[in-house]
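With these hints in hand, go ahead and build the complete structure from the sequences.
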Amino acid sequence: MSGLAMPKPDAETMRRRAEIVADMRIIVPGEGVVDAANEMRAFESDGLTAYRQLPLVVVLPQTVAQVSRVLKYCNERNIRVVPRGSGTSLSGGALPLEDAVLLVMSRFNRILQIDYPNRVVMAQPGVTNLGITTAVEQEGYYYAPDPSSQIACSIGGNVAENSGGVHCLKYGLTANNVLGIEMVLMNGEVVRLGGSHLDQEGYDLLGVMTGSEGLLGVVTEVTVRILKKPETARALLIGFPTSEQGGQCVADIIGAGIIPGGMEMMDRPAIHAAEDFVHAGYPLDVEALLIVELDGPSVEVDHLIGLVEAIAYKNGSTTCRISQSEQERLSFWAGRKAAFPAVGRISPDYYCMDGTIPRKELPRVLAGMRDLSEKYGLGVANVFHAGDGNLHPLILYDANVPGELDKAESFGADILRLCVQVGGVLTGEHGVGVEKRDLMPEMFNQVDLDQQMRVKCAFDPNHLLNPGKVFPQLRRCAELGRMHVHRGQVAFPDIPRF
Amino acid sequence: MTTFTPSTLTETLSTIQWAAAEETPLEILGHGSKRGIGRPLQTEHTLDLSHLIGVTLYEPAELVLSARAGTPLAEIEKLLAENGQQFAFEPMDYGPLLGGEPGQGDKNGTIGGVLASNLSGSRRLKAGAARDHILGVAGISGRGEAFKSGGRVVKNVTGYDLSKLMANSWGTLAVLTDVTFKVLPAAETEVTLAIRGLLDDAAVAAMALALGSSAEVSSAAHLPERIAAKVAGGKHGSDAATLLRVEGFGPSVVYRIEALKQLLGKAGPLEEIAGEASKTIWRDIRDCVPFADGGTRPVWRVSMAPSEAHHMVMALRMQAAVDAFYDWQGGLVWLSMREDDPEADLLRGLIRKHGGGHATLVRASPSHRAALPVFEPQPPHLAALSARLKAEFDPKNILNPGRT
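Those protein sequences? They're chains A and B, same order as listed.
In this text, residue positions in the first sequence follow this note's numbering: the first is 1, and each later residue adds one.
In this text, residue positions in the second sequence follow this note's numbering: the first is 1001, and each later residue adds one.
To be clear, the hints were calculated from the coordinates, so they are not data collected in a lab.
From the three backbone atoms N, C-alpha and C, an ideal C-beta is built for every residue, glycine too.
Relax, there's no trap hidden among the hints.
Cross-link-like lysine to aspartate or glutamate pairs, in silico, DMTMM-like; alpha carbons within 25 Å at most:
id : chain 1 : residue 1 : chain 2 : residue 2
1  : A       : Lys170    : B       : Glu1059
2  : B       : Lys1390   : A       : Asp450
3  : A       : Lys170    : B       : Glu1188
Simulated restraints on C-beta separations:
id : chain 1 : residue 1 : chain 2 : residue 2 : range
4  : A       : Pro441    : B       : Ala1391   : 24 to 30 Å
5  : B       : Leu1057   : A       : Pro7      : 37 to 43 Å
6  : B       : Glu1059   : A       : Pro441    : 24 to 30 Å
7  : A       : Thr134    : B       : Glu1082   : 42 to 48 Å
8  : B       : Ala1061   : A       : Thr134    : 35 to 41 Å
9  : B       : Glu1023   : A       : Ala5      : 38 to 44 Å
10 : A       : Ala399    : B       : Tyr1058   : 44 to 50 Å
11 : B       : Thr1010   : A       : Arg17     : 51 to 57 Å
A few chain A residues facing chain B, derived, Cβ under 10 Å:
id : residue
12 : Tyr116
13 : Pro117
14 : Asp302
15 : Phe471
16 : His484
Shown next, in the form of structure tokens:
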């Protein structure tokens, strides 16, 4: 991946840069256009910091009309556009292109409407994920999807990436919690999908937009469902001698009809790194540590804690602590939530992967990872959204050692291939971006990819919006539109007819 | 006039490739249980998928089920129930409303049809619709190409979500051949709290109060006077009933029902309905049984913001004779016109005036369906985008042409 090929910069656009910057200043007056290299530096990468590129120009619009005019202007002149929210993408979704306008939505930062009777909030896309909860928590409400970057990531970016979090097993992903959006197409047209009512009329374009990684349209408004906070939450901290036992415990909890608010697993290296860092009181003599959080009325939580404890015991747990206070519950989570920085302490660099697997395959995938770790000579620590099979292997490497980044990336790619082999997928919640772009053929054949690109053609036929992301090879829409059928020559076996 | 009934993927693919090459349109059919919705089709040929059947994967501990698109929903629901599981989105059965044969449950819809029409039920409020539970699909586009999207795991953002795009597409983008759904444990206990005698506005206020509490109400419906007598065979009387369903583990349900009683004690006389009686009520509401009179008078399904829908109904009543009842906290309105006139423009104009939403004419005579937009017309930019998308999937317009 280090030899990542991005679309060749358009010479004509590069030549006309000064003119484009001047025109952008007319569309977005004031301080909304940044073109000095030192000031654009802040935007040269997102959460996938191994990749950096200065954009053609940074534009920070403030109104929907400005977004529409910028896109229309660029569409008519064949200028590429890369949209960006808070820039927390872990897959390079907001990586700039040398010849592209970087359209930064951070000034769309207002909550537009809070509607308690209908339990919806309408917000501009630059509002942070946590900002929505903050706006409604005095009334006891919250917004359920909670990606770990929630303090910084924007709700518009959440739509682009279909963000998850530790609570999505019970409460769903972004796609299940967004009721409507307003967006601007590359041709400048403004389109509204859904609203405060349920189910979008017509095709589920809202469903397609969610997780489309900024390739289909620029979101300018988001309507989300808010939920009443559960009365209580308590957690169990359970240790197992093997990951198989931990995995079976997860399966048995779900088999008993229990859907916990959160269910997280860590392997030995991750447990040790976290414990050394935050001293959460994690047991160090176990191979797998499970955090199970149950939320709801206390009578329900107490009832389910009893059931989960019994299931853990049956599966050979060697330790099982039950939180007796809010403080203790938070201490169980402290280690898990600090797992990434904790791993950062034991290794100069780490590379965070994001595959999803059928849960039952966990032991096989962990064993495969141990083999790969030996093959590449790099360590790996695992945190796992156990309830929904989403793995985050953290590959330990040192960027200052020549060749180690390449090795880490090859190791990561092999892990994702393994995920696909066992029936899983390349990315659970971080997105394809540029990072996993070239691995897409591991999961999809050319027909599958062509059909996805045809969706792109309906939204952005000139491939100007966020090109170089998601798809390993861009094909012209005209070429994709051709039908390869030969009248009368199609095989037509004996199909029963009546 | 030919009906193709493929039973394998290869046969299905060949049929569509042939139709694409000949540029000859096909009506795409499962059981035909929802054939009465949408513009009547006038295709020469029919592709009947009811022989493309079979559950291909079911792993209860992984909460996942895959099946060929023609598999009867009833068969799958039976299998899930045997394992204490369910589709949490509670797909409705249009059979009663559209005149399905009683007792013909295994002909009342296929799993492919569940997704193609994005079915849901009263639990939509909390658990979502088919679109929220679909994990992956395989299908054949109008280009005669077999493609797949998604997978078998819940957390998946690999590529565009074409599975969701199939939801509510009514067979106009692709012919589904395989679907993979998330399944969930069925609730151990359910109890319904009924508040009797409320008018629409008081009922909507009570439902908003209940949904705004932490009692985790999974469904909230309001049956005005007279309509109430049309569910559960009339055994709960004809007084207006505002119904709140609470589901989960026994001790939790008891506690939450008690909390709701405290909250709503002043709203009106309360009544608890448990177990099978509760299930029957919600099944009848889900399936629009109050308007299942065997006739063809127009019935509309309207989705709006819960707080606004009853205002729209009141305004509509000034100008047209209608019966109405509410699900989804008031946001889903089932409307039955007492005359033969569907009043489409009047209704849609009032919906726009009251905050927006959409209306689908789910039951009407073929002549009304041919003459009126059965599905909510879209604003120009959105309609153009939808048309471009259709052309990308089905450039020769051979899949259910004109249905939507």
